[in-house]
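A.B. asks: Sequence:
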Amino acid sequence: MSTRISSGAARTSSSASPEQQDASAPSSGTARSLLSIGELARRAQVSPRTIRYYEELGILPTPQRTAGGSRRYPPEYLSYVQGALLLKELGFSLEEVRELCQGTQERTGEASARTHAMLATKMAVLEQRIRLLSRLHDLIRAAAEGGGEANSGAAELLRLLGEEAQAAGSASSPTGQR
Numbered sequence: 001m002s003t004r005i006s007s008g009a010a011r012t013s014s015s016a017s018p019e020q021q022d023a024s025a026p027s028s029g030t031a032r033s034l035l036s037i038g039e040l041a042r043r044a045q046v047s048p049r050t051i052r053y054y055e056e057l058g059i060l061p062t063p064q065r066t067a068g069g070s071r072r073y074p075p076e077y078l079s080y081v082q083g084a085l086l087l088k089e090l091g092f093s094l095e096e097v098r099e100l101c102q103g104t105q106e107r108t109g110e111a112s113a114r115t116h117a118m119l120a121t122k123m124a125v126l127e128q129r130i131r132l133l134s135r136l137h138d139l140i141r142a143a144a145e146g147g148g149e150a151n152s153g154a155a156e157l158l159r160l161l162g163e164e165a166q167a168a169g170s171a172s173s174p175t176g177q178r
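Counting in the UniProt record's numbering, the sequence shown runs from 1 upward without gaps.
These are computed hints drawn from the structure, not numbers from a lab.
Computed from a predicted model, the values in this text were never measured in an experiment.
Just so you know, even glycine gets a beta-carbon here, dropped at the ideal spot from N, CA and C.
Among the hints, a few may not be true.
As the list claims (entries may be wrong) - Okay, the calculated beta carbon distance ranges per label pair:
(1) 133 x 53: 27 to 33 Å
(2) 162 x 67: 55 to 61 Å
(3) 94 x 32: 28 to 34 Å
(4) 164 x 62: 35 to 41 Å
(5) 141 x 62: 36 to 42 Å
(6) 166 x 123: 46 to 52 Å
(7) 102 x 159: 38 to 44 Å
(8) 145 x 38: 47 to 53 Å
Please model the entire structure based on the sequences and the hints provided.
C.D. replies: See the structure below:
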């Protein structure tokens with residue numbers, strides 16, 4: 001069942017009567033409040049290609065379409081895009097973002113368990129990274145202040161950067177290998 005927008009109102013193509021079609025249309029707003037792909041992309045500060053890609057991956061739910069085939073997005077889709085961008089910034093892969101989005105949409109016990117396990121794993125990785133970055137911050141501060149331990153601080157800094165690179169590699173690969 002595909003949703004089409006025509007004559008300024010959302011319609012669902014089915015054999016239902018016009019009254020039933022209006023009742024089954026998404027309650028996410030009128031055609032006037034829906035966003036074009038360009039407007040959604042502009043507000044999210046991404047390209048329209050990113051919006052289409054997120055839709056292909058299942059990060060964004062399938063949008064409504066006009067009679068001419070143009071995508072029309074409810075304003076709340078901006079939150080999906082911004083959330084995906086934030087998760088990416090925190091180290092989530094697009095596959096993990098997709099799983100998280102689909103897990104929250106499925107609302108089954110199995111999906112909830114998968115989502116919980118993924119978030120627990122990611123939380124452990126982020127906590128390790130925070131500890132590492134805190135140590136790195138302290139070393140950089142000490143080196144910047146020119147303390148007598150600048151040379152040993154530089155060696156420790158390199159060691160920590162190596163640990164960070166290893167942790168990043170482990171987080172992006174199930175086996176910890178690249």
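A.B. asks: For every hint, state whether the structure bears it out.
C.D. replies: Hints, one by one, checked against the model:
A hinted range of 27 to 33 Å for the beta carbons of residue 133 and residue 53 is consistent with their spacing of about 30 Å. For the pair residue 162 and residue 67, the beta carbons lie near 58 Å from each other, so the given range of 55 to 61 Å is met. Distance hint for residue 94 and residue 32: a CB-CB separation of about 32 Å, consistent with the stated range 28 to 34 Å. As the Cβ distance of residue 164 to residue 62 is approximately 39 Å, the hint placing it in 35 to 41 Å holds.
Here the CB-CB span from residue 141 to residue 62 is close to 49 Å, at odds with the stated 36 to 42 Å. For the hinted restraint 46 to 52 Å between residue 166 and residue 123, the CB-CB distance of approximately 19 Å leaves it violated. Checking the proposed 38 to 44 Å range against residue 102 and residue 159 shows it holds: the Cβ atoms sit about 39 Å from each other. Distance hint for residue 145 and residue 38: a CB-CB separation of about 49 Å, consistent with the stated range 47 to 53 Å.
Hint violations for this structure: numbers 5, 6, all remaining hints satisfied.
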